[in-house]
Amino acid sequence: MKNKLLLAATSMVLMACMSKEEILHEQYRVEGLALYQKNCENCHQANGKGFKKLYPALVNTNLIKRLSDEQLSKIIKYGVKADAGHEFMPGNNDLQAIEIAEIITYLKDLNGVKEGIVEQRLVKEVIR
Amino acid sequence: MACENKRILPYLGPKEVKTIQGKTDTIFHQIPSFAFLNQDSVLINEKTYEGKIYVADFFFTSCPTICPKMKTQMLRIYQRYEDNPSILLLSHSIDPTYDQPHVLKNYANRMEVSSKKWNFVTGKKEDIYRLGQKSYMVTAQKDEKEAGGFVHSGAFILIDTKRHVRGIYDGTKEEEVNKLIEDIELLLHEK
Numbered sequence: 001m002k003n004k005l006l007l008a009a010t011s012m013v014l015m016a017c018m019s020k021e022e023i024l025h026e027q028y029r030v031e032g033l034a035l036y037q038k039n040c041e042n043c044h045q046a047n048g049k050g051f052k053k054l055y056p057a058l059v060n061t062n063l064i065k066r067l068s069d070e071q072l073s074k075i076i077k078y079g080v081k082a083d084a085g086h087e088f089m090p091g092n093n094d095l096q097a098i099e100i101a102e103i104i105t106y107l108k109d110l111n112g113v114k115e116g117i118v119e120q121r122l123v124k125e126v127i128r
Numbered sequence: 129m130a131c132e133n134k135r136i137l138p139y140l141g142p143k144e145v146k147t148i149q150g151k152t153d154t155i156f157h158q159i160p161s162f163a164f165l166n167q168d169s170v171l172i173n174e175k176t177y178e179g180k181i182y183v184a185d186f187f188f189t190s191c192p193t194i195c196p197k198m199k200t201q202m203l204r205i206y207q208r209y210e211d212n213p214s215i216l217l218l219s220h221s222i223d224p225t226y227d228q229p230h231v232l233k234n235y236a237n238r239m240e241v242s243s244k245k246w247n248f249v250t251g252k253k254e255d256i257y258r259l260g261q262k263s264y265m266v267t268a269q270k271d272e273k274e275a276g277g278f279v280h281s282g283a284f285i286l287i288d289t290k291r292h293v294r295g296i297y298d299g300t301k302e303e304e305v306n307k308l309i310e311d312i313e314l315l316l317h318e319k
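As you go down the protein sequences, you meet chains A and B in turn.
Residue numbering for the first sequence follows the working numbering, starting at 1 and increasing by one per position.
Residue numbering for the second sequence follows the working numbering, starting at 129 and increasing by one per position.
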């Protein structure tokens, strides 16, 4: 309880000196983290570190450079088929555009993109 | 130290008490004979595990829920006993129609593990489910309502050199697998 109060107080102080954009990024990152833990972490492991060659790492790779936000959105929503290079990944059909936007914001944050958010409008264009 | 009471692992499962010529004898539950194909398409049976301590589990390669956790934990056991030929691992697919040997091979390769230590096996669905439920005493069956289409427990089952079940652990939890490793050490020193 004490810890929670402290955390709340600290984040309020932090929020006070953050710009609107920074606060939005932080909101998306925190929501994205929770969604990641629920939907992705089983396989891709905590902090996207991956598991052997079975479940690819999502950090320290060229993932963010290689794939656009739109491509990542589609992969998260619909999954990928297995081929020579990789195992299949199941889709996450229940995830909404806003949730996918938050997950990608979190993933990009893990990869050093510490500002901005992925707009859900953009995600909506590629999934239905 | 000599007087220290060593913990002895229980014998799990139904026991049978037999009296033969006035002598009573307890027959412990035992894993029966089996025969499955592994990731190298080699027939694996109870003889493969003769005189070995092994850890068994039930999984399927396309499982999006607890299997990845189980596999990260099983890999800990693999790495710890990589150089100890007395310990083996045995993962049964509960989706054997899809998990053909080549699929299992791919899976094992991606985990960079060897079939000398860790067999991933497939076979007749009924055989695997029956063995899971009756012998290893864990849940394993098809269920369309579950994510991935199968319901199964995340159990790791510890089997001794005589095919008796000596422990059942939650293979999705690190602390439980620590306990399993402690118990393997006990078994290794059991006479």
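Some clues are possibly wrong.
Taking lysine to any residue and the SDA-like style, the derived pairs with C-alpha atoms no more than 25 angstroms apart in a straight line are [stated by the list, open to error]:
hint, chain 1, residue 1, chain 2, residue 2
1, A, K81, B, G276
2, A, K81, B, E240
3, A, K77, B, S242
4, B, K197, A, L35
5, B, K197, A, R121
6, A, K53, B, K134
7, B, K301, A, K65
8, B, K197, A, K65
9, B, K197, A, I23
10, B, K134, B, K273
11, A, K65, A, Q37
12, A, K38, B, S190
13, A, K49, B, S242
14, A, K49, B, T225
15, A, K53, B, G276
16, B, K273, A, Q37
17, A, K53, B, L315
18, A, K53, B, K197
Source of the hints: derived by calculation from the structure; they are not laboratory data.
*asked:* Flag every earlier hint the structure violates by its number, smallest first.
replied: 3, 5, 6, 7, 8, 9, 10, 14, 17
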